[in-house]
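K.L.:
The residues making up each chain are set out below.
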Amino acid sequence: MATAAGRHDEARGVTDTIVALSSGRPPAAIGVIRVSGPAALVAAATLAGTLPPPRIAGLRALRDANGAMLDRALVLVFPGSRSATGEDLVEFHCHGGRAVIAAVEAALVAATGCRAALPGEFTRRALTNGRIDLAEAEGLADLLEAETEAQRVAALAAAEGRISRQVATWMASAAAISARIEALIDHDDEGDVETGEEVLAAIMADAAVLGTEIAFAVEAPPVERLRDGVRVVIAGPPNAGKSTLLNLLGEREAAIVSPIAGTTRDMVEAPVVRRGRAFVLTDTAGLTRSDDVVEMIGVDRARYAIEAADILLWLGDEPPPRDDAIPIHSRADAAERRVVPAGRLAISRDAPRSIESLWNVIEERASALLPRIDGLPWRQRHQQLCGEAAAALLQGSNDPVLLAENCRTARVRLAAIVGIDATEAMLDALFSRFCLGK
Amino acid sequence: MFDVVVIGAGHAGVEAAAAAARRGAAVVLVTMKRDNLGTMSCNPSIGGVGKGHIVREVDAFDGLMARAADASAIHYRLLNRSKGAAVQGPRVQADRRRYAAVIATMVAAEPRLSVVEGEVTGLRLSGGRVVGIDLADGTALTTRAVVVASGTFLGGRLFRGRWRGEGGRIEERPSGSLAAQFRSLGLPIERLKTGTPPRLDGRTIDWALLAEQPSDAEPWTFSALTRTRPCPQIACAVTRTTERTHAVIRAATPDSPLFSGAIDGAGPRYCPSVEDKVARFGDRDGHQVFLEPEGLDDATVYPNGLSTSIDADAQAAMIASIPGLERARITVPGYAVEYDHLDPRVLEPTLEVADIPGLFMAGQINGTTGYEEAAGQGLVAGINAAAIALDCEPLVLDRGSSYIGVMIDDLVLQGVTEPYRMLTARAEYRLSLRADNAETRLGATARALGCLGPKRAAHQLRREEERAALRTRLDTVRSVGEVADAGAEVVRDGSRRSAWEWLRFDTVKLEQVLPGIAADTDPTVAAEMEQDARYAPYIERQAAEIARLRAEERIALPSDLDYAAVPGLSNEMVDRLGAVRPISLGAAARVRGITPAALSAVLLHVRKRAA
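Protein sequences, first through last, are from chains A and B.
Offset between the first sequence (1-based) and our numbering: plus 1398.
Offset between the second sequence (1-based) and our numbering: plus 45.
Please keep in mind that the hints were generated in silico from the structure rather than gathered at the bench.
Positions of the beta carbon are idealized from the N, C-alpha and C atoms, including for glycine.
Certain hints may be false.
Stated by the list, open to error - FRET-style restraints, in silico, Cβ to Cβ:
| no. | chain 1 | residue 1 | chain 2 | residue 2 | range |
| --- | --- | --- | --- | --- | --- |
| 1 | B | Ala292 | A | Ala1574 | 54 to 62 Å |
| 2 | A | Ala1574 | B | Val283 | 51 to 59 Å |
| 3 | A | Ala1574 | B | Glu556 | 36 to 44 Å |
| 4 | A | Pro1451 | B | Gly173 | 41 to 49 Å |
| 5 | A | Ala1514 | B | Glu585 | 34 to 42 Å |
| 6 | A | Ala1574 | B | Arg126 | 22 to 30 Å |
| 7 | A | Glu1649 | B | Asp620 | 36 to 44 Å |
| 8 | A | Gly1422 | B | Glu585 | 52 to 60 Å |
| 9 | B | Gly532 | A | Ala1574 | 36 to 44 Å |
| 10 | A | Pro1451 | B | Trp208 | 26 to 34 Å |
| 11 | B | Phe326 | A | Gly1674 | 49 to 57 Å |
| 12 | B | Glu585 | A | Glu1716 | 49 to 57 Å |
| 13 | B | Glu585 | A | Ala1574 | 46 to 54 Å |
| 14 | B | Ala292 | A | Pro1452 | 50 to 58 Å |
Looking at chain A on its own, in the form it has when it is part of the complex (with noise of 0.2 Å):
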């Protein structure tokens, strides 16, 4: 017994406390530094002096090794288990000047033996530790990187637990209808559970209505849409004014224009934020027959974007190849394009608010793509496990233990949203996208 208790000792001694600024690139007004792991009591406290009590602010001087002051700062403690992380935590809020935050951070890997977090690292050990589960875990690294205001209310719902909430729902509705069939199966002879035909009928269609339910939600669009943007595609012959529009709505000369066709040869993508939703304006070769190979493959190129478009700006007076093209009239300052065609919207250089009225038509079609801003924020992994759920429970069956079987199928594509069977290559592509310190 002494010697594993020797082990155990010299194993608590290597146990990782890790060390990171938490808050954006010094210089700034305050820096935070968050010290998570089983010595990170130890290490505040040797900087600190004494420490405030869990979970309120004190002010205090922190130290060297020789007593030389480093700075005055705000030490916030949160006992393991409690905290973000599920260890130990300590904040402190130092002035945020580049020399402070490096000597508070050196002189606490000095004393303790902290090491400098990896990135991600809190938000994993706060994961591991069963504090957040992998739906809040998307969340959050999606609350990091949000730039629009879509983003981040969608990206907050995820890190707050919405999607969670929702899941625990169905997989306890799930849990239930599963219960019921393993009374039938289990218990059948005990002779207080009731059994016969009408009951697995209704167990199959309470299946059915949590089936439909879950499916509901694999047809609103992913959350992956507000980060991608939405695919504007600008489309038609050459020397139709593509570029000119893609000018126009990016309000930046991100394409070059020339009076010669085919100037652009190759796709050009400018993106857009309007009314806190993300645009991508892609411009394309215009459609042509050529024998430059080069030319050629820009047109293959264009005819690709135009499948993909969830938007597309037809800019040609033929039909459009796609029936919900959105059909332009474009140079409509053009002494030969004054009348405009109907069913046509007219475009012209110098009319701003004929950019403005497209814009409008663009941003209504782009409500119906993007997720609603009060809907949860599926993600297009969640629409996938879902979708098998609400397949297993929608496909009924006579034999209880088939209708079971699906039943159990469902509960674990559900318990997969949450991270009850997260694979280490989802959660490596998760980390990855962690900034240090977070």
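Given the coordinates of chain A, work out where chain B should sit on it, guided by the hints.
P.N.:
Relative to the frame of chain A, chain B by itself:
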């Protein structure tokens, strides 16, 4: 010097002793009363949904229970007959005395197995491992391994109304010093409770009033080796409690130890006492009671569903309020028993105590309930005790292989909060784990471990050949016309499929795709293969899941792994994993509350440690 000592001769003990002996170990079975081998202390029935699966699995290892059940069965009933074969539960009512006599004969027939009467007062340890036991009469037995299968006898306390008694069963002594030694060894001991109904004199029951439940006419048997049913078959009967019964119980409830707070241990939710049923389901006007005769030449009747510990007078009033039992005489009143059990999370999946080499635990002492659950554990403990003693291959059954594997995995990873009973709902791979294919699943393992007698081994090899032959014949291609002409309801769409694929349609029967098959194939083999084909798409999907499970099981976690040293694990995660000490990453994943991220942290740590 013995190889294996087994303490306790209940259902776990006799299977453990016989299994160790079949593997070639010299075994001593120690029991307080020599004539109490294989006693059925509660219900005189064996099997049921989930439980019947275990009995068949024990049988696949050439265990005793299925053969003894057939030899003493006076009533056969296949539960869930109308549902899929995966959840059909074979169950028999056994003649209690005959069952015990058959078990005694089987034990006596094992040449390497001897029985010693005596009370075990303690284990002898040396260098941290078990080396022997002490008996109350002063004798000591030295051994390489010990299986403790002491049932409810450790710290057993009996309750009925305000009456209290000591013991594991009525009129039998409790064993106290062994419990004290377990505590001093630092083993975590907890309390559970269970109960039993009053026994009735069958001659005083008005059978003519009651609905009869006859024995199944189909000639199925429990053991694959049994050909016929030796005992005459008798009927059980069904009655119901009444509003008057419930009033009697309600009046007596305040004195019931289950409600007065006298019992701390948790009871089974799925097998509640009748006072529990009345309290929790007050709106019901009656609860079913199955009247199960205990033997052919024994008038005792077991009223299944009336487990109780109310006062003896109140029990008499309760019985008198039930149709058909108005004049029935109680021979032994019902009672509750509270007993010590071990937190099974300290066990390895071999059922060896992790910190005490050579010490195995099996049966009710591990927090389970039921003869079948006990027998399954006894089998595994006996096989593994022999493995230690003889230095041969151990047996670990996983969740994909058997109900026994599911049960042991649940016990050693989750522990128990109520007496653990097998349910098919616990088996996620239950479409593959059927009562009718236990030999197919486990036969090869049993043979490889040397658990089979020559008769059984020959039988299993013959069956294996029959299955292979039939499977080949099922590759025969049949047109839709041929199948329809044979009488199957199928749409004549011109399709051609193998006989195997045709069987996926539940309107198609084996005889319709392979006419004349019944004449030259054993019916159990035909039925098993038909089920395999029927569920094939599901079974294939589960096979993929099982393969993934086994891949994770192959990532072993060292038993001395210090979870506190795994970077980033909170104290809570360290505690959960430390209490269980999972043997593999797959096992760790099944510990409740362990997150996938925690698992990846553990995996990373183990890989670094190995590097």
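K.L.:
Which of the listed hints are broken here?
P.N.:
Going through the list in order, the structure violates hints 1, 2, 5, 7, 10, 13 and respects the others.
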